[in-house]
Each structure stands twice: as C-alpha cells, then as structure tokens.
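Colleague: So that you can map any letter, position 45 of the sequence shown is 44 in numbering that gives the first Met the number 0, and since no number is skipped, the others follow by simple counting.
To be clear, the hints were calculated from the coordinates, so they are not data collected in a lab.
There could be a bad hint or two in this list.
[As the list claims (entries may be wrong)] Dumping the calculated PhoX-like pairs for lysine-lysine here, alpha-carbon to alpha-carbon at most 25 Å:
{"#": "1", "residue 1": "Lys71", "residue 2": "Lys16"}
{"#": "2", "residue 1": "Lys196", "residue 2": "Lys120"}
{"#": "3", "residue 1": "Lys132", "residue 2": "Lys61"}
{"#": "4", "residue 1": "Lys196", "residue 2": "Lys185"}
{"#": "5", "residue 1": "Lys168", "residue 2": "Lys28"}
{"#": "6", "residue 1": "Lys12", "residue 2": "Lys61"}
{"#": "7", "residue 1": "Lys168", "residue 2": "Lys196"}
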Amino acid sequence: MAKPHKFWDRLAKIYSKQQVADEDAYQKKLQVTRDYFRPDMEVLEFGCGTGSTAISHAPYVKHIQAVDFSSKMIGIAQAKAKTNNIANITFQQASIDDLDTADQTYDTVMAHNVLHLLENKEDVIAKVYRLLKPGGLFVSGTACNGDGYKLLKIILPIGQFLGLLPVLKFFTSEDLKNSLTHVGFKIDHQWTPGPGKSVFIVAKKEG
Numbered sequence: 000m001a002k003p004h005k006f007w008d009r010l011a012k013i014y015s016k017q018q019v020a021d022e023d024a025y026q027k028k029l030q031v032t033r034d035y036f037r038p039d040m041e042v043l044e045f046g047c048g049t050g051s052t053a054i055s056h057a058p059y060v061k062h063i064q065a066v067d068f069s070s071k072m073i074g075i076a077q078a079k080a081k082t083n084n085i086a087n088i089t090f091q092q093a094s095i096d097d098l099d100t101a102d103q104t105y106d107t108v109m110a111h112n113v114l115h116l117l118e119n120k121e122d123v124i125a126k127v128y129r130l131l132k133p134g135g136l137f138v139s140g141t142a143c144n145g146d147g148y149k150l151l152k153i154i155l156p157i158g159q160f161l162g163l164l165p166v167l168k169f170f171t172s173e174d175l176k177n178s179l180t181h182v183g184f185k186i187d188h189q190w191t192p193g194p195g196k197s198v199f200i201v202a203k204k205e206g
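Kindly generate the complete structure, drawing on both the sequences and the hints.
Modeller: Spelled out as structure tokens, the structure:
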C-alpha cells in the first residue's frame, strides 16, 4: 500500500495549482466558520495541505497550528504564508497522531477533506474531543462515500494494493454524525452543497 506522505508529496505541486471545485460552497464554509471565531482563539488544523484555508482564516483568530504529514505540502504552505505576510500560523510536518499536545489546548480544530483518508477515524475524533477546550468546536468537511460509488469500491483496493493510491474509507454522513456524537460532540451546524458533495459539519464539545 502507498505510504500516504509519499503519495501526497508527489501530488503537492499539482494540488497547489488546482482551482477550488466549487468556489461558492468553499466561501460559504469559510464564512460559517468565521462566524464562530473569536480574536483570542487557538486553532489546530490537521491535514492542512498547502495552507489555503489556514491562511484565509488567520486574520480572524490568535494563532493557528497547521499540520500535514506531507513535507512538500508544508513547504508550499510556508512559502504562501511568507508571501502573504501571515505571521500567526505555525506550519509543521506531522499527523494528528504525532501531536503530543495537552488536553483542552484548542478552541477550534479543523479537518477538511481528511477524515475519509484515515485508517483510524474513530481514534482521531476521540483525540480531537480531548484536545478541545469545553465548548470548543470541531469543523470538518468530509467526503462520505458510503452510498453508491460501487465501481470505486472495486478499483480502489486494487490501486492501494499496487501502491498507487492512499487509504480511502467508505462511510455515510449518518455514520460520521454517529462517530461524532458517540464521543460527546453535539452537531451545531450541518450542510451539504449538493449530491456527491462533501458534508460540512460544525460539532461542539459540551461545556
């Protein structure tokens, strides 16, 4: 199976040049997230890619810790932040599993287009819950591929076995909501732009 960081390292330059597929939906998600932000907030984004979302949100919070396991992605993100004179983002090559951070450190954790790429989604959601302060938010956008995509379910394991593709998990939006509420999150906002689109969820830790 392909090592995820190597797969994304190879795609980093191409990924950084891609246009957002649905700009209107992306801007709406940014605005909804900002409506929750405060200037004193400490934010974590894991799976930050080339940093576009973190950079967009930086003016609205105190600090963002942005991590990705691809060194190439992080390098591009750091260059973009420098070009845009953004000083309140710390980009780091790491996965969410690597972070040795105290519980209740962050006001908000973000994970966009990440949860369906994890082997251990349930463990990661539980860790996010621990990392958040009481009342903290988990903001995520996730491709829930559990319904349909029969051909993809056949092709994907072959590509993974040959080392050509990363992990891709199949679960429904209802499965994802259940995973979030199981650890204690309350769904505060949910929106799907249309059929086949990622589900956008703001989940809140009680407190």
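Colleague: Please verify whether Lys168 and Lys196 have alpha carbons no more than 25 Å apart.
Modeller: Holds, at about 16 Å.
Colleague: Is Lys196 within 25 Å of Lys185, Cα to Cα?
Modeller: Between Lys196 and Lys185 the Cα gap is close to 22 Å, so the pair holds against 25 Å.
Colleague: For a C-alpha distance cap of 25 Å, please report whether Lys196 and Lys120 respect it.
Modeller: holds (19 Å)
Colleague: Lys71 and Lys16 were given as a pair; does the straight-line alpha-carbon distance stay at or below 25 Å?
Modeller: holds (13 Å)
Colleague: Is Lys132 within 25 Å of Lys61, Cα to Cα?
Modeller: Measuring from Cα to Cα gives roughly 15 Å; hence the hint holds.
Colleague: Measure nothing beyond the straight line between the CA atoms of Lys12 and Lys61; if it is 25 Å or shorter, mark the hint as holding.
Modeller: violated (29 Å)
Colleague: Holds or violated: are the alpha carbons of Lys168 and Lys28 at most 25 Å from each other?
Modeller: Given that 25 Å is the threshold and the Cα spacing comes to 23 Å, the pair holds.
In the structure shown, a violation is registered for the earlier hint numbered 6 alone.
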